[in-house]
Amino acid sequence: MAENVKARVRAPRSASAGEVATIKTLISHPMESGQRKDSQGNTIPRSIIHRFTCDFNGENVIDVKMEPAISTNPYFEFEAKIPEAGEFKFTWYDDDGSVYEESATVEVS
Amino acid sequence: LTLLPAGAYAATVDELVNEFTGGADVADGGVNLDAPEIAENGNTVPISVSADGATAIMVLAAGNPTPPVATFNFGPLAGSSSASTRIRLAGTQDVIAVAKMADGSFARTSKEVKVTIGGCGG
Numbered sequence: 001m002a003e004n005v006k007a008r009v010r011a012p013r014s015a016s017a018g019e020v021a022t023i024k025t026l027i028s029h030p031m032e033s034g035q036r037k038d039s040q041g042n043t044i045p046r047s048i049i050h051r052f053t054c055d056f057n058g059e060n061v062i063d064v065k066m067e068p069a070i071s072t073n074p075y076f077e078f079e080a081k082i083p084e085a086g087e088f089k090f091t092w093y094d095d096d097g098s099v100y101e102e103s104a105t106v107e108v109s
Numbered sequence: 110l111t112l113l114p115a116g117a118y119a120a121t122v123d124e125l126v127n128e129f130t131g132g133a134d135v136a137d138g139g140v141n142l143d144a145p146e147i148a149e150n151g152n153t154v155p156i157s158v159s160a161d162g163a164t165a166i167m168v169l170a171a172g173n174p175t176p177p178v179a180t181f182n183f184g185p186l187a188g189s190s191s192a193s194t195r196i197r198l199a200g201t202q203d204v205i206a207v208a209k210m211a212d213g214s215f216a217r218t219s220k221e222v223k224v225t226i227g228g229c230g231g
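As given, the protein sequences belong to chains H and F, one line each in that order. Position one of the first sequence corresponds to residue 1 (this note's numbering), numbered consecutively onward. Position one of the second sequence corresponds to residue 110 (this note's numbering), numbered consecutively onward.
FYI, nobody ran anything at the bench for these hints, they're computed from the structure. C-beta: ideal position from N, C-alpha, C; glycine also. One or more hints might be untrue.
[Stated by the list, open to error] If you want the ones that stay clear, here's a sample from chain F, every Cβ over 12 Å from chain H, calculated:
(1) T121
(2) A133
(3) N152
(4) D212
[Claimed, not checked] In silico SDA-like cross-links for lysine to any residue, where the CA-CA straight-line distance does not exceed 25 Å:
(5) K65/H x A136/F
(6) K37/H x I226/F
(7) K6/H x G162/F
(8) K65/H x T153/F
(9) K81/H x K223/F
(10) K89/H x G184/F
(11) K223/F x E146/F
(12) K65/H x A171/F
(13) K65/H x D161/F
(14) K81/H x G162/F
(15) K37/H x P174/F
(16) K6/H x T153/F
(17) K89/H x S193/F
(18) K37/H x E128/F
(19) K220/F x G139/F
(20) K65/H x D134/F
(21) K89/H x T164/F
(22) K24/H x P145/F
(23) K65/H x D137/F
(24) K65/H x V126/F
(25) K24/H x S159/F
(26) K81/H x P145/F
(27) K81/H x R195/F
[What the hints assert, rightly or not] Just so you have them, the derived chain F footprint on chain H, three or more residues with Cβ under 8 Å:
(28) 52-64
(29) 69-75
Bound conformation, chain H alone:
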């Protein structure tokens, strides 16, 4: 069970129509790999975020399938096309069923 999960996103506040922008995301999460053992030698069960998606106005930008080999506090950087003003929606899916969401509004000048 992950606690104090906090998502952070860097996206431009404004852009010109059709611009390609770099998006950076970071979410605090232990990404317990299922490979580690505790002090008694018992395997600590896997508990990771297994999927990350980014959409803009309902259209998909990137959809990432994540495995235990992704580091603690998963970080992603990628590029998105911004065809018009709107909102980025970022979604992370946890093994425990939790869904973490974050959004960022972009104005087009």
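Once you have looked at the hints, place chain F on chain H.
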């Protein structure tokens, strides 16, 4: 004796690539993988992948207890077929990237990363 869950067997790199490509031929090159030559800490190794015209890129770590790392699927609003993240490497090994191109072909590259401190519990 066939009742073991499928997850009991760690799939090999070749099996994972075959699953991704559907058995299609995989060309060498056409996909870029940036990773450090030497990573001091295997717990967090920065990597970048890119491939012009790719719809998806799969990343594998051949020497990890379970080789799959991530699969990036690029949607209609992806500004480029590229992404960066940070991964765990259990030790010195090859990192492999396989790209699925829009025309249905596949490309592959690999890079050896030397790891000083492994990133799998330890």
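Comparing the hints with the structure gives:
1. For T121/F, the condition that its CB be more than 12 Å from all CB atoms of chain H holds, with the nearest at approximately 15 Å.
2. At the 12 Å boundary, the C-beta of A133/F stays outside the reach of chain H, the nearest C-beta of that chain being 20 Å off.
3. Residue placement check: N152/F does not keep its beta carbon more than 12 Å from all beta carbons of chain H (closest about 6 Å).
4. Residue-level check passed: D212/F sits 20 Å from the nearest beta carbon of chain H, beyond 12 Å.
5. Between K65/H and A136/F, the direct Cα distance comes to roughly 23 Å. Compliance with the 25 Å bound is thereby established for this hinted pair.
6. Between the alpha carbons of K37/H and I226/F the distance comes to roughly 17 Å, so the proposed pair stays at or under 25 Å and holds.
7. Distance check on the hinted pair: K6/H and G162/F sit about 33 Å apart at the alpha-carbon level, beyond 25 Å; violated.
8. A hinted pair counts as satisfied when its Cα atoms are at most 25 Å apart, and K65/H with T153/F qualifies at roughly 18 Å.
9. About 35 Å separates the Cα atoms of K81/H and K223/F, which puts this hinted pair outside 25 Å; it is violated.
10. Distance check on the hinted pair: K89/H and G184/F sit about 14 Å apart at the alpha-carbon level, within 25 Å; holds.
11. Of the pairs offered as hints, the one joining K223/F and E146/F holds, with about 6 Å between alpha carbons and a cut-off of 25 Å not exceeded.
12. Restraint check for K65/H and A171/F: the C-alpha separation of about 18 Å stays at or below 25 Å, so the hint holds.
13. Between K65/H and D161/F, the direct Cα distance comes to roughly 20 Å. Compliance with the 25 Å bound is thereby established for this hinted pair.
14. Between K81/H and G162/F, the direct Cα distance comes to roughly 15 Å. Compliance with the 25 Å bound is thereby established for this hinted pair.
15. For a cut-off of 25 Å, the pair hint linking K37/H to P174/F stands: about 14 Å separates their Cα positions.
16. Note on K6/H and T153/F: the hinted pairing holds, with a Cα-Cα distance of about 19 Å set against a maximum of 25 Å.
17. Simply put, K89/H and S193/F have alpha-carbon atoms about 19 Å apart, close enough for the 25 Å limit, and the pair holds.
18. Under the criterion of a C-alpha separation no larger than 25 Å, the hint pairing K37/H with E128/F is inconsistent with the structure, at around 31 Å.
19. Restraint check for K220/F and G139/F: satisfied, since their Cα atoms lie roughly 14 Å apart, inside the 25 Å limit.
20. A C-alpha spacing of about 23 Å is found between K65/H and D134/F, which places the hinted pair at or below 25 Å, so the restraint holds.
21. Of the pairs offered as hints, the one joining K89/H and T164/F holds, with about 20 Å between alpha carbons and a cut-off of 25 Å not exceeded.
22. At roughly 20 Å between alpha-carbon atoms, K24/H and P145/F fall within 25 Å of each other, so this suggested pair holds.
23. A threshold of 25 Å between alpha carbons decides the hint, and for K65/H with D137/F the separation of about 24 Å falls inside it, so the pair holds.
24. Between K65/H and V126/F, the direct Cα distance comes to roughly 15 Å. Compliance with the 25 Å bound is thereby established for this hinted pair.
25. Between K24/H and S159/F, the direct Cα distance comes to roughly 16 Å. Compliance with the 25 Å bound is thereby established for this hinted pair.
26. A distance of roughly 29 Å separates the Cα atoms of K81/H and P145/F; the hinted pair therefore is violated under the 25 Å criterion.
27. This hinted pair checks out: K81/H and R195/F have alpha carbons roughly 23 Å apart, not beyond 25 Å.
28. Look at the stretch 52-64 of chain H against chain F: 8 of its residues bring a Cβ nearer than 8 Å to a Cβ of that chain, three or more, so the hint holds.
29. Evaluation of the coverage hint for the stretch 69-75 of chain H: fulfilled, as 6 residues show C-beta separations to chain F shorter than 8 Å, against a requirement of three.
Hint compliance for this structure: hints 3, 7, 9, 18, 26 are not met, and every other hint is.
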